[in-house]
Amino acid sequence: MKYLDEYRSEELANKIVAEIHRTVTRPWVLMEVCGGQTHSIVKYGIDRLLPNQVELVHGPGCPVCVTSLEMIDKAHAIAQRPDVIFCSFGDMLRVPGSDGDLLVLKSRGADIRIVYSPIDCLKIARANPEKKVVFFAIGFETTAPSNAMSVWQANKQGVKNFSVLVSHVLVPPSIASILQSPQNRVQGFLGPGHVCTVMGYREYEPLAERFRVPIVITGFEPIDILQGTLMTLRQLEVGTHTVENQYPRVVNRDGNRVAQDLVNNVFEVCDRKWRGVGSIPKSGYKLRYEFREHDAERIFDVKEIDTQEPANCISGLVLRGVKKPHDCACFGKQCTPENPLGATMVSAEGACAAYFAYGRHLELHKQPTDSTAILSAA
Amino acid sequence: MCLAIPGKLVEIALDPQGVRMGKANFGGIVKQVCLEYTPEVVLGDYVLVHVGFALSKVDEDEAARTYKALEELQQLGELDVPDVDDPDVDPFSESPPDRERIRPAA
Chain A
1 MKYLDEYRSE ELANKIVAEI HRTVTRPWVL MEVCGGQTHS IVKYGIDRLL PNQVELVHGP
61 GCPVCVTSLE MIDKAHAIAQ RPDVIFCSFG DMLRVPGSDG DLLVLKSRGA DIRIVYSPID
121 CLKIARANPE KKVVFFAIGF ETTAPSNAMS VWQANKQGVK NFSVLVSHVL VPPSIASILQ
181 SPQNRVQGFL GPGHVCTVMG YREYEPLAER FRVPIVITGF EPIDILQGTL MTLRQLEVGT
241 HTVENQYPRV VNRDGNRVAQ DLVNNVFEVC DRKWRGVGSI PKSGYKLRYE FREHDAERIF
301 DVKEIDTQEP ANCISGLVLR GVKKPHDCAC FGKQCTPENP LGATMVSAEG ACAAYFAYGR
361 HLELHKQPTD STAILSAA
Chain B
379 MCLAIPGKLV EIALDPQGVR MGKANFGGIV KQVCLEYTPE VVLGDYVLVH VGFALSKVDE
439 DEAARTYKAL EELQQLGELD VPDVDDPDVD PFSESPPDRE RIRPAA
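Chains as they are written, first to last, in my numbering: chain A, 1 to 378; chain B, 379 to 484.
Just so you know, the hints here were simulated from the structure itself, not pulled from any lab data.
Here the structure is a predicted model, which means the values were calculated and not measured.
Any given hint could turn out to be false.
Said to hold, decoys possible - Some chain B residues well away from chain A (every beta-carbon gap over 10 Å; in silico):
(1) V388
(2) E389
(3) I390
(4) A391
(5) L392
(6) K401
(7) V408
(8) V420
(9) L421
Unchecked claim - Distance condition first, Cα-Cα at most 20 Å in a straight line; then the derived EDC-like pairs of lysine to aspartate or glutamate:
(10) K446(B) <-> D271(A)
(11) K286(A) <-> D261(A)
(12) K446(B) <-> E11(A)
(13) K123(A) <-> D393(B)
(14) K156(A) <-> E414(B)
(15) K123(A) <-> E414(B)
(16) K386(B) <-> D5(A)
(17) K435(B) <-> E11(A)
(18) K435(B) <-> D261(A)
(19) K286(A) <-> E297(A)
(20) K401(B) <-> D120(A)
(21) K446(B) <-> D5(A)
(22) K43(A) <-> D101(A)
(23) K282(A) <-> E293(A)
(24) K2(A) <-> E389(B)
(25) K273(A) <-> E309(A)
(26) K2(A) <-> E440(B)
(27) K446(B) <-> E10(A)
(28) K156(A) <-> E293(A)
(29) K435(B) <-> E338(A)
(30) K160(A) <-> E10(A)
(31) K2(A) <-> D439(B)
Glycine residues also receive a C-beta, built at the ideal position from the N, C-alpha and C atoms.
The shape of chain A in the complex, shown without the other chains:
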């Protein structure tokens, strides 16, 4: 496929890898922000092509993983109602709440449907006027325009039986939160290419300046990730800290202004609780007051659900890049994609699930995963 196959070239990958090996003189810790990048890195074994001094840690950019347990439980409370058709992206169905997941509820008779696009929910709502159709609107900035459009169109077309349960999250506040943590080890970032397709990368410039970290907006194919890694390492080696764009074929500095305008019309920034991380100020979107008739939280009055996380799950530390999946005693044992303890094992983009899918639970004793082991071996 055009714009995909050429970015998976083995020959080109080897050239970039060789250049990375020539560039690196010291140990560096980089974080790829986006779960899609994590998935590519593990799928293609990109981390293993890099010099030993370079460690990739996996970031919080998996919206399925960071959706708070409270929000999952709210979704479950709404989905169980007999007057509701609950629609969701497929990834959310197996995320464990305090008591089972959406698939379990479906097996008990709840009307839960997977949709490809949030706009499809409007068709479902029109076809089922006696039901309340609720969409679980999760995602980063990449998904916000799609979810905003579904609300905007529902409002415009008078589809009154459509609402959204909003749990949107934003990348820049999470990067700031990681960099402010006393446990932080990250020295450079591969920025989220598709988030920046929508938002541009202006808002990353003050972050790079304030925390003196290079941020390279990076795509998702192996060549993209290798090139983004090379660009970040070159900055680290010479001591610069600017925002660069590896992914100009779809990203520009301003992003998609048409999409941003509609997002800002429908949503406003709010504080948001992240699963495993806690509350981050101004790190999410909620519906604006004008769209309250499409706000599932208001319609179904599901505020204040008290929830408990499994005590032995370290997914919060994995999401912040402090730990790797191998550091968890449960990884690949009690915790598997069939029986996940925490959200990083549920979504294909969660670091734990990606490690499991590509066989890394089988090599627990071969691979040093603690950064200190990697650094001391280097």
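With chain A held as given, fit chain B onto it using these hints.
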């Protein structure tokens, strides 16, 4: 979740509600795409699609420029011995199960 893939626009039309929609071909699979956020695109353009929405037109010139710069990398240090030939770091010497290889360019 932020997965977005490039597809070639093969149809553009307004839906019954007046929403600008189209169809994009993703290597043989044709799917509906909302084009409200990409008013500039025309038939034959490649668009980056996420959950049924085109978020951006793929810029062919930028794609070509990046790719050319990458291909010229080898001239930088041809005489250096790249570590990739070392079996310890050879990406393809010990593939874990089911790992997809980086493929030769099409």
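Cross-check of the supplied hints:
1. V388: holds (13 Å)
2. E389: Holds, because the least Cβ-Cβ distance between E389(B) and chain A comes to about 16 Å, which exceeds 10 Å.
3. I390: holds (16 Å)
4. A391: About 15 Å separates A391(B) from the closest Cβ of chain A, which puts it past 10 Å; holds.
5. L392: Non-interface label stands for L392(B): nearest chain A Cβ at 13 Å, farther than 10 Å.
6. K401: holds (13 Å)
7. V408: holds (13 Å)
8. V420: Per Cβ check, V420(B) is outside 10 Å of chain A; nearest 16 Å; holds.
9. L421: holds (15 Å)
10. K446(B) <-> D271(A): Distance of about 43 Å is beyond 20 Å: violated.
11. K286(A) <-> D261(A): holds (15 Å)
12. K446(B) <-> E11(A): holds (14 Å)
13. K123(A) <-> D393(B): holds (12 Å)
14. K156(A) <-> E414(B): Satisfied, since the Cα-Cα distance of roughly 14 Å is no more than 20 Å.
15. K123(A) <-> E414(B): holds (18 Å)
16. K386(B) <-> D5(A): Roughly 15 Å between the alpha carbons, so the hint for K386(B) and D5(A) holds.
17. K435(B) <-> E11(A): This hinted pair is violated, its Cα atoms lying about 27 Å apart.
18. K435(B) <-> D261(A): With a Cα-Cα distance of about 18 Å, the restraint between K435(B) and D261(A) holds, given a limit of 20 Å.
19. K286(A) <-> E297(A): Satisfied, since the Cα-Cα distance of roughly 10 Å is no more than 20 Å.
20. K401(B) <-> D120(A): holds (15 Å)
21. K446(B) <-> D5(A): With a Cα-Cα distance of about 15 Å, the restraint between K446(B) and D5(A) holds, given a limit of 20 Å.
22. K43(A) <-> D101(A): violated (27 Å)
23. K282(A) <-> E293(A): violated (23 Å)
24. K2(A) <-> E389(B): Distance of about 18 Å is within 20 Å: holds.
25. K273(A) <-> E309(A): Within the cut-off at roughly 14 Å; holds.
26. K2(A) <-> E440(B): With Cα atoms ~14 Å apart, K2(A) and E440(B) stay inside 20 Å; holds.
27. K446(B) <-> E10(A): Answer holds: K446(B) to E10(A) is near 16 Å, not above 20 Å.
28. K156(A) <-> E293(A): holds (12 Å)
29. K435(B) <-> E338(A): violated (38 Å)
30. K160(A) <-> E10(A): violated (52 Å)
31. K2(A) <-> D439(B): Roughly 14 Å separates the two Cα atoms, so the pair holds.
The structure is inconsistent with the numbered hints 10, 17, 22, 23, 29 and 30, although it conforms to all the rest.
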